[in-house]
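A.B. asks: Below, each chain spelled out in residue letters.
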Amino acid sequence: MNELDYYCYLRTLDAEPIEVPMLRDAMITFRYQMRLLLREPVWIVIVMIQPLMYLALFAPLLEPIAKTQGFPPGGAWQVFVPGLLIQLGIFGSMFVGFGIIAEIRFGAIERMRVTPASRFGLLFGRVLRDTIVLLIQAALLTLIAVAFGLRVPLAGALITVGIVGMLGVSLASLSYAAGLWLKSEDALAPLLNMVSVPVLLLSGILLPMSLAPRWLQRIALVNPFSHVVDGARAAFLNDFGNSSLAIGLIASAILAVGGLAIATRTFQRESA
Amino acid sequence: MIEARGLTRTFKNRGVTVEAVRGIDLEVNAGEIVGLLGPNGAGKTTTQRMLATLLVPTAGEATVAGCDLRRDPVGVRRQLGYVSQTGGTNPSAKVDEELVTQGQLYGMSRSDARARAVKLREMLDLAELGDRVIKTLSGGQRRRLDIALGLMHDPRLVFLDEPSTGLDPQTRANLWTHIRALRDQRNGTILLTTHYLEEADALCDRIMIIDAGKVVASGTPAELKRRISGDLVTFEVDDVVRAQQLLRGQSGARDVTVVERGLRITVDRGETQALPLMRALDDAGLKVGSLHIAHPSLDDVFLTLTGRSLRDAPPS
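So the sequences go chain by chain: A and B.
Following the working numbering, the numbering of the first sequence begins with 1 at its first residue and continues without gaps.
Following the working numbering, the numbering of the second sequence begins with 1001 at its first residue and continues without gaps.
Please keep in mind that the hints were generated in silico from the structure rather than gathered at the bench.
Using N, Cα and C, we set each Cβ at its ideal position, and we do this for glycine too.
It is possible that part of the hints are untrue.
Said to hold, decoys possible - If you want a taste of the chain A side facing chain B, the calculated C-beta under 7 Å gives, among others:
| id | residue |
| --- | --- |
| 1 | Phe106 |
| 2 | Pro116 |
| 3 | Gly165 |
What the hints assert, rightly or not - Mimicking DSSO-like on lysine-lysine, the simulated pairs with C-alpha atoms at most 30 Å apart in a straight line are:
| id | chain 1 | residue 1 | chain 2 | residue 2 |
| --- | --- | --- | --- | --- |
| 4 | B | Lys1135 | B | Lys1094 |
| 5 | A | Lys183 | B | Lys1012 |
| 6 | B | Lys1094 | B | Lys1119 |
| 7 | B | Lys1135 | A | Lys183 |
| 8 | B | Lys1214 | B | Lys1225 |
| 9 | B | Lys1225 | A | Lys183 |
| 10 | B | Lys1135 | B | Lys1119 |
What the hints assert, rightly or not - What follows is a set of in silico ranges between Cβ atoms, one per label pair, in the way DEER data are often shown:
| id | chain 1 | residue 1 | chain 2 | residue 2 | range |
| --- | --- | --- | --- | --- | --- |
| 11 | B | Arg1132 | A | Ile44 | 23 to 31 Å |
| 12 | A | Ile44 | B | Arg1186 | 43 to 51 Å |
| 13 | B | Asp1068 | A | Arg218 | 51 to 59 Å |
| 14 | A | Arg39 | B | Glu1122 | 19 to 27 Å |
| 15 | B | Arg1186 | A | Val42 | 19 to 27 Å |
| 16 | A | Leu140 | B | Ser1092 | 42 to 50 Å |
With the hints as constraints, model all of the structure from the sequences given.
C.D. replies: Following this line, the structure appears as structure tokens:
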């Protein structure tokens, strides 16, 4: 080894690990937010109670309906559990905006906005926390459903959990954007109610849209979440050739990227 | 350290345009404590928020810590410590969690941030509180934590927005000591806003009085007070009428008026001019019972400049 090589070798030892400031700020924010959440883990459980109740008290109702004409292939569980997972993805994430309104009120958001930290990082660290919590919930819910009698191939279940994760990214971001924009719980609550009911009813989460009359199905086509639910159901059947799986994946990816973009812009805006 | 020209900010609220700041020029040198004094709604906080990159000015230019406010906001943020009125801590977080995270957001490594947090806690009388949940802190402790957060990255320039609002007098005096130490020990530059006259008077090297979005006067506290009204010297004398005649002839004595049991004379500088006046009375054989020198308060200054008392100014 000549002198120059040796010098270069020393340099590589000295070199800082290559870091993207954006992701570094996201990780700092993620760790901070996660620690705050874990101090009151009761919330993680509370969010799970609703889907568990659906699983125990609503899914049995579907068993006779699964035999009616127009019900999608697969048993009641294979149709209902993917919908329930999507519902968890939507409703488990769309209320995180309330948290950021509290942070605005403490002045914490403003304090972080005066630091040189990347705005995307400040947002994404929060979204990452929400998404990871959501993924754990989704995995738990799937396991519990298996105990109830669900039969699902592993690959399909993993793809569905991935779809749920993308939904989480999307809705958590949009909820943060709405919170930053409205700055008030009193304004955010009615907005979320207004959005969530049609999203739920027009997505086929509770009952598959294939049971619906034509006109209702047409309206549902405009709802991106209905495609996401169809995709998740195809994944649960391991039906990878089904175009609705591809459409569902694309729809959830678009929702995730779009949500992040909108929320990052809102975070960058001066008065947010 | 700060140079601003014509800073202006208007807000549009339901079609109504509000001019919060109307063309403020401002210059702050390194190692100075400069106070923006004015009633609520005068535009102090808006001015500070513009300089802190939280609001984009509608018009005007500024250089903060060598960085252009519009072209290099991240450069400004890197060098500035900003402590807002509400502080900005999460009540359920622990003291060191906030401090270390803040340091990391300024690019410090975790271990550097930890060490710095310990040092700042010692400096600001929070030494034992690193592991405490913030909602259990007293008001004074929480305010000192806010300031510690603003100092994590060791900035040369610090903005304090109403640093002592809501604190009891003792805690306030203690906070002032810490703020002065920032200037004296680290040659720090501080721009603070306040609507407390006592605070501006006790703490600031220079004051800019702001009213309705404009700087109406600026100078050292003493200069401002002297410029407006001079000092008031009050003598208690036995023969008020003769004393009045006598003092009216003295140089530097303006406006000699009879008050309860004595005379009140307006002079430029009370400390140097009171004694010659007293000697004159003594030489004339008049008996002087007591002597009192009063400096005009900043409220008098504000009253003279705006026709309103700072204390009565309506909050907005």
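A.B. asks: Hints broken by the structure, by number, lowest first?
C.D. replies: Those not satisfied are hints 3, 9, 15, 16.
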